[in-house]
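If you read the sequences in order, they're chains A and B.
If you're matching positions, the first sequence starts at 1 in this note's numbering and goes up one per residue.
If you're matching positions, the second sequence starts at 1 in this note's numbering and goes up one per residue.
Hints should not be assumed to be uniformly reliable.
Straight-line C-alpha distance at most 30 Å; calculated DSSO-like pairs for lysine-lysine [unchecked claim]:
1. B:K513 - B:K465
2. A:K37 - B:K478
3. B:K478 - B:K294
4. B:K294 - B:K333
5. A:K37 - B:K333
6. B:K294 - B:K465
Covered by chain A, according to a simulated footprint, are these stretches of chain B (three or more residues, beta-carbon under 8 Å) [said to hold, decoys possible]:
7. 320-329
8. 376-384
I should point out that these hints are in silico values taken from the structure, not numbers from a laboratory.
Built from N, CA and C at the ideal position, the CB exists for glycine as well.
Given next are the chains, with one letter for each unit.
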Amino acid sequence: MPPVFDANLCTGCGTCEDTCPLDVIYMDEQNGRSFAKYPEECWHCGSCRQECPVEAIQIRFPLRVMVPAGVVPY
Amino acid sequence: MAEERLQTDILIIGGGAAGLNAALSAREAGREVVIMDKAVIERSGHFAGGIDHFAAYLNTGPSWDTREAYLDFTARSARGATNLEVVEKIYCDQLNTAIKRFDAVGCSLRRSDNTFFRTQSYGQPGPWWINFNGKRLKPLLGQAVRKAGCRVLDRVVTADILINEGQVCGAAGFHIRSGTFYVVQAKAVLIATGGTNRLYQNPTGLSFNCWMCPANTGDGEAIAYRAGARLANVEYLRMTLIPRGFSAAGLNALVGMGGILVNGTGEAFMKRYDPLGMKGPRYKLVEGVLGEIKAHRGPVFIDCRHLDPEALTHLVATLSYDKDTFPDFFEQKGIDLSRDLLEIATSEGMQGGPNEVCGSGIKIDADCATNVPGLFAAGNSADQCRSLHMATTSGIRAGCTMATYAANTDARGLPVYQPQLDGIRQRIYGPLNESRSMDWREFEDVLQRILTEGMGPVRSAWGMKQAWQNLDLLEKWKNEVRARTYHDLCRTQEVYNMLTVARCMITAARYRKESRFGQCHSRLDYPQTDDERWLGQIAVDRDTTGNPRTQFLPINYD
Ligand SMILES: Cc1cc2nc3c(=O)[nH]c(=O)nc-3n(C[C@H](O)[C@H](O)[C@H](O)COP(=O)(O)OP(=O)(O)OC[C@H]3O[C@@H](n4cnc5c(N)ncnc54)[C@H](O)[C@@H]3O)c2cc1C
Ligand code: SF4
Ligand code: SF4
Numbered sequence: 001m002p003p004v005f006d007a008n009l010c011t012g013c014g015t016c017e018d019t020c021p022l023d024v025i026y027m028d029e030q031n032g033r034s035f036a037k038y039p040e041e042c043w044h045c046g047s048c049r050q051e052c053p054v055e056a057i058q059i060r061f062p063l064r065v066m067v068p069a070g071v072v073p074y
Numbered sequence: 001m002a003e004e005r006l007q008t009d010i011l012i013i014g015g016g017a018a019g020l021n022a023a024l025s026a027r028e029a030g031r032e033v034v035i036m037d038k039a040v041i042e043r044s045g046h047f048a049g050g051i052d053h054f055a056a057y058l059n060t061g062p063s064w065d066t067r068e069a070y071l072d073f074t075a076r077s078a079r080g081a082t083n084l085e086v087v088e089k090i091y092c093d094q095l096n097t098a099i100k101r102f103d104a105v106g107c108s109l110r111r112s113d114n115t116f117f118r119t120q121s122y123g124q125p126g127p128w129w130i131n132f133n134g135k136r137l138k139p140l141l142g143q144a145v146r147k148a149g150c151r152v153l154d155r156v157v158t159a160d161i162l163i164n165e166g167q168v169c170g171a172a173g174f175h176i177r178s179g180t181f182y183v184v185q186a187k188a189v190l191i192a193t194g195g196t197n198r199l200y201q202n203p204t205g206l207s208f209n210c211w212m213c214p215a216n217t218g219d220g221e222a223i224a225y226r227a228g229a230r231l232a233n234v235e236y237l238r239m240t241l242i243p244r245g246f247s248a249a250g251l252n253a254l255v256g257m258g259g260i261l262v263n264g265t266g267e268a269f270m271k272r273y274d275p276l277g278m279k280g281p282r283y284k285l286v287e288g289v290l291g292e293i294k295a296h297r298g299p300v301f302i303d304c305r306h307l308d309p310e311a312l313t314h315l316v317a318t319l320s321y322d323k324d325t326f327p328d329f330f331e332q333k334g335i336d337l338s339r340d341l342l343e344i345a346t347s348e349g350m351q352g353g354p355n356e357v358c359g360s361g362i363k364i365d366a367d368c369a370t371n372v373p374g375l376f377a378a379g380n381s382a383d384q385c386r387s388l389h390m391a392t393t394s395g396i397r398a399g400c401t402m403a404t405y406a407a408n409t410d411a412r413g414l415p416v417y418q419p420q421l422d423g424i425r426q427r428i429y430g431p432l433n434e435s436r437s438m439d440w441r442e443f444e445d446v447l448q449r450i451l452t453e454g455m456g457p458v459r460s461a462w463g464m465k466q467a468w469q470n471l472d473l474l475e476k477w478k479n480e481v482r483a484r485t486y487h488d489l490c491r492t493q494e495v496y497n498m499l500t501v502a503r504c505m506i507t508a509a510r511y512r513k514e515s516r517f518g519q520c521h522s523r524l525d526y527p528q529t530d531d532e533r534w535l536g537q538i539a540v541d542r543d544t545t546g547n548p549r550t551q552f553l554p555i556n557y558d
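Please model the entire structure based on the sequences and the hints provided.
Structure, rendered in structure tokens:
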């Protein structure tokens with residue numbers, strides 16, 4: 001589920017947390033790194049990735065976006 | 001709960017295109033400004049991740065490139081919903097200032113050679129869409145506003161407007177992380193919360209995978225309605241076309257650059273639905289796709305393979321300005337537009353105005369003022385505004401008129417009325433009560449099912465009555481919704497506000513006994529457009545018992 005954080009790159013600066021319009025991203029109090037606390041509320045807007053200073057964020061679309069089967073519109 | 005109190009001349013609710021432009025204009029006029037936003041304004045709202053088109057006529061010579069042509073198109077394409085005197089004052093008169101504002105904040109609409117790249121779509125008479133790289137527009141606007149000396153309350157979601165002696169005197173809200181209660185006293189308040197989304201089921205089942213920003217949930221409309229303001233154009237449904245599965249903005253780029261919709265047999269079918277074909281209005285494109293699928297000629301694709309390499313490069317770039325993650329979607333799906341067809345589907349529905357030049361929401365006059373003294377609205381939450389061009393210009397207009405209003409003796413800056421504040425506090429924090437047990441997601445899911453079933457692209461008196469009755473049942477569960485965090489408390493307020501907007505939407509749609517703007521309001525029982533009876537807006541406001549009531553407001557286009 002988007003976003004995916006690279007724990008090896010993340011410096012824990014907190015920028016992504018402040019850039020999410022949906023309040024998806026929080027900082028883990030234990031390890032000081034960012035994580036998606038509410039991944040199902042991600043809008044795939046890419047703001048967090050654009051602002052991460054060390055390019056530690058990737059966007060990975062959820063399965064239901066990748067395989068949109070089954071719904072007949074109206 | 002901790003409480004913070006502030007005082008200002010002008011309070012802006014929602015720091016997006018409209019709100020931040022209003023803030024800059026009000027500061028230029030020397031007023032004190034406070035902005036409340038439920039996120040952090042450098043990356044909040046519809047174009048948090050980027051944006052790529054701005055509609056403008058530029059007076060370059062041809063007759064389509066003029067104010068008259070714009071007003072003529074608006075009158076024809078949004079007939080019955082647009083009010084030209086308002087459009088002229090809030091868009092046409094502010095357009096030059098708006099274009100300069102982009103330069104001033106450092107996100108010019110021009111290319112490096114000082115020219116504009118312009119494209120045409122949606123039935124417009126000429127290439128009015130300026131393509132630009134708006135990926136950093138939001139952070140730049142946010143920084144400009146802070147630099148101008150506005151006080152910004154990030155992550156403070158507004159819950160209600162404060163009224164004293166029939167006049168607006170501020171607003172109250174809470175911080176979505178700490179829960180702190182905020183009370184801001186102000187002489188004038190602007191609502192710029194960006195429209196209503198998440199009202200309809202998403203075909204993927206992912207509610208936040210939606211076309212427009214899922215943080216904009218009609219809060220402003222619901223707040224204004226509770227304060228006695230009138231809403232208008234709220235009966236209309238709005239849909240778009242999306243890459244199947246990924247509810248992203250980008251149709252304008254695909255169509256504007258020359259993409260062609262084809263059905264399962266490879267036939268370009270749009271001429272069957274509109275004489276302008278691919279250059280027809282958005283709702284006609286949606287109608288075409290729905291029609292082909294219903295006729296079992298699906299699936300439907302968009303074909304961009306004929307575009308020359310330069311145009312394709314521009315298209316892919318501009319798609320990524322509009323929706324930053326478009327390239328990731330292509331990559332993860334293995335799609336190359338020069339080689340592959342892109343499967344297209346209709347998006348989830350939303351409450352919205354009929355097209356790109358006319359909105360829905362809080363009814364405003366040419367000053368962006370509402371019927372409640374001291375209350376103003378702009379951007380997608382105002383009934384006349386839609387898209388970046390009108391959000392920007394209406395923001396500029398509202399910033400100026402509010403600055404004048406706040407300096408005037410009419411704005412008395414009354415104190416807040418404590419009993420109202422106590423009531424709001426109780427209402428906001430109620431869902432934290434441990435005796436409640438329902439998740440807001442369940443409430444939202446049922447609300448979306450009701451709207452999708454009864455208020456979709458095919459409406460009838462019977463279906464809408466059933467939707468209304470279902471909302472009555474849903475309403476009984478309202479006090480069951482439990483929030484365990486302040487984040488969830490924000491979501492809970494959102495679903496409550498969506499319910500209010502849904503009520504107003506159904507009320508107006510039931511009242512309008514005709515069809516208008518294709519699937520925006522398509523009634524099985526009244527399939528014709530009836531200008532004789534229905535050329536105008538339906539205003540919805542709250543009666544003394546708290547229920548929505550309607551009034552028809554005719555508009556004369558002669
Ligand atoms: C991905 C995308 C691309 C788009 N591309 C284009 C384009 O290329 N051209 C074009 O013309 N239009 C485009 N649009 C539409 C355009 O972005 C909007 O019309 C415009 O942003 C509307 O401005 P606004 O100020 O009304 O809303 P927004 O810019 O969304 O601002 C609303 C603000 O209100 C805040 N808010 C909401 N509720 C509350 C609350 N209760 N309390 C406090 N704050 C609140 C939100 O956080 C947000 O910051 C696009 C939209 C999207 C989603
Ligand atoms: S912005 Fe990047 S480095 Fe900073 S906390 Fe987020 S992921 Fe880590
Ligand atoms: S992609 Fe957008 S919505 Fe999703 S986590 Fe990043 S900033 Fe938040």
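Which numbered hints fail: 3, 8
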